[in-house]
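Colleague: Below, each chain spelled out in residue letters.
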Amino acid sequence: MTTKRRDELLVGLLLITAIALALGGTIWIARGGLSSGYPLYARFPWGVGVKPGQPVMLAGVQVGFVDHVDLIPDGTLGIAMRVQDRYRVPAGTTATVEANGIFGDMLVALRPVQGITGTIPPGDTVPAGTASPGMAVLLGKGDSIASNVTALTAELRTKFVDDGGMRDVRRAIGDVTKLLAQLSAVTAEQSKQLTATQQQLRKTLSSVDSAAVDSTIASLQAATREFAALAKELQTTNSKVQGVVDKVANGPGTAGRFMNDPAVYARVDTLLARLDSLVIDLQKNPRKYINLKIF
Amino acid sequence: MPLTASVRLASRRIRGILTAVGKRGYFARDIARGVRDPATWMPETIRQMRTIGVDSIPLTVIVAGFLGGVTAFQTRYQLFPGVQLSVVGLIARQSIVLELGPLLTGLVLTGRVGARMTAEIGTMRVTEQIDALETLSFDPVAYLALPRFLAGIVMLPALTILANATAILSAWATLVLATDVRTDDFVSGLRLAFTAFQVVYSLIKAFCFGAAIAFVCSYEGYVTEAGAEGVGRSTALAVVIASVSILVLDAIVAAVFAPFIQA
Chain A
161 MTTKRRDELL VGLLLITAIA LALGGTIWIA RGGLSSGYPL YARFPWGVGV
211 KPGQPVMLAG VQVGFVDHVD LIPDGTLGIA MRVQDRYRVP AGTTATVEAN
261 GIFGDMLVAL RPVQGITGTI PPGDTVPAGT ASPGMAVLLG KGDSIASNVT
311 ALTAELRTKF VDDGGMRDVR RAIGDVTKLL AQLSAVTAEQ SKQLTATQQQ
361 LRKTLSSVDS AAVDSTIASL QAATREFAAL AKELQTTNSK VQGVVDKVAN
411 GPGTAGRFMN DPAVYARVDT LLARLDSLVI DLQKNPRKYI NLKIF
Chain B
12 MPLTASVRLA SRRIRGILTA VGKRGYFARD IARGVRDPAT WMPETIRQMR
62 TIGVDSIPLT VIVAGFLGGV TAFQTRYQLF PGVQLSVVGL IARQSIVLEL
112 GPLLTGLVLT GRVGARMTAE IGTMRVTEQI DALETLSFDP VAYLALPRFL
162 AGIVMLPALT ILANATAILS AWATLVLATD VRTDDFVSGL RLAFTAFQVV
212 YSLIKAFCFG AAIAFVCSYE GYVTEAGAEG VGRSTALAVV IASVSILVLD
262 AIVAAVFAPF IQA
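Which chain is which? The protein sequence lines are A and B, in order. 161 is the number of the first residue of the first sequence in our numbering; add one for each residue after it. 12 is the number of the first residue of the second sequence in our numbering; add one for each residue after it.
Take the hints with a grain of salt, since some may be wrong.
[Stated by the list, open to error] Examples of chain A residues lying across from chain B (beta carbon under 10 Å, computed): (1) Lys164; (2) Val171; (3) Ile189; (4) Ala190; (5) Thr277; (6) Arg434.
FYI, nobody ran anything at the bench for these hints, they're computed from the structure. If you're wondering where the values come from, they're calculated on a predicted model, not measured in any experiment. Ideal placement from N, C-alpha and C gives every residue a C-beta, glycine not left out.
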């Protein structure tokens, strides 16, 4: 190979390598890959800060980038996204714009929903979701909290310092301290008396004959057992008596009739009256009834 | 009187500056005119591209390799606690692509390529070879300066791309092997707030630097006088002027194009 040919070859190789590196590297850094992917669209209100080249994340994984942004007169931005071919966005996914780091860059976050089958077809529009509060909103909240705290502090100052509230609080604290001291003294006295009572009780308990206590307890236990037996016998007797009573009250016998039938009573009463008259007559005229002959 | 002497000195200096600018303007005109004769400059251009571009690859790769590694390493250990590690990738990319890649490549090649250009042409001047070319009806500017100029403006962007890629690769390797930054962190920082114009910006700088090196060094060699000593003086002067020109152009390009870096 001549020198001229070699020079041309090497120069051409260097130029092609440089061009390939420039184009390939730019595409790889900007798009996160060299394949073109498929398009998806979304709409967001003006002011979200989305720019071409910003990443598109699906459940935290970068799956593509923002291809271009169209300004629509109705107050929305039409975002065209490029998603890599190997990723499919599940149906039901919503899109939000969120902050990416602390340097003001944004990203499009695709949030899938569990439990829905199917995927969003290429060329379809992903519905917009509700974004989590960004740094601006949080700072606004912080400002509002700070201004509330300032107002509260001013009010507290007015009430406690200017109107003498702090003085009253100090006075109240002094009174409470005195009360606590008094309560302490009372508690100490009560404690002393309780200790004396406990000592007396211990003395009393120690003078109790434990053997006598044991025998008393044994006697009590025996008595309890006899009471239990007696109660059982009473129960049995009671049930028998109840049976007799039931028979007398409800049974067909003489006692039942005597208890429940007034005619029986009347006849018994008549019988008793006749017996009385018979006894009287017997006493008056014994020979009428008793005629005793011996031979 | 002192005032008159100062005024005379000042006017002499201003006249000297204007004369120098005028001479360089004529040289630029001759280079532009030389484009009409491709038979003269085309064969030499490929050779110069080989000399300026291909033969400078090892030096470019070595410089870029160390550049990327040191930049990333120092950036990592200047981060405040709590700052996300992907910032290292972001800063490394911005530093290398927007500034250090084209600038250091240009400065390094000023010494290697620019000095060689000035010495070659200066030697040809003092040995009257340029006069011989004129005698033979060759346009010396078209034969000597234009090929170098074209090679400079084509090869320096190519070398800058190579330097940027090498430096970023070196940054990644250094961070992953020597620090707690992981590949995911580095790549996410690399992609953060990236626009294609940042690469174009780097190439614009490289183009301007290549043109400055080739033009300044070719001119200084073309106007060399007084033998070997003159060649040495021209070479040193060419390197200094080219280096300063690179720094001035760096500032001008930044002032003009930096607002367009972030879309």
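Colleague: Is the interface hint satisfied for Ala190(A)? The criterion is a beta-carbon contact with chain B at less than 10 Å.
Modeller: holds (6 Å)
Colleague: Is the hint on Lys164(A) kept, meaning its closest Cβ partner in chain B is under 10 Å away?
Modeller: holds (7 Å)
Colleague: Close enough to count: is the Cβ of Ile189(A) nearer than 10 Å to one in chain B?
Modeller: holds (5 Å)
Colleague: Restraint: Arg434(A) near chain B, CB-CB cut 10 Å. Satisfied or not?
Modeller: Violated: closest Cβ of chain B sits about 127 Å from Arg434(A), beyond 10 Å.
Colleague: Let's test the interface hint: is any C-beta of chain B closer than 10 Å to that of Val171(A)?
Modeller: holds (4 Å)
Colleague: Mind checking the CB of Thr277(A) against every CB in chain B and telling me if the closest is under 10 Å?
Modeller: violated (31 Å)
Consistency note: the structure conflicts with the earlier hints numbered 5 and 6.
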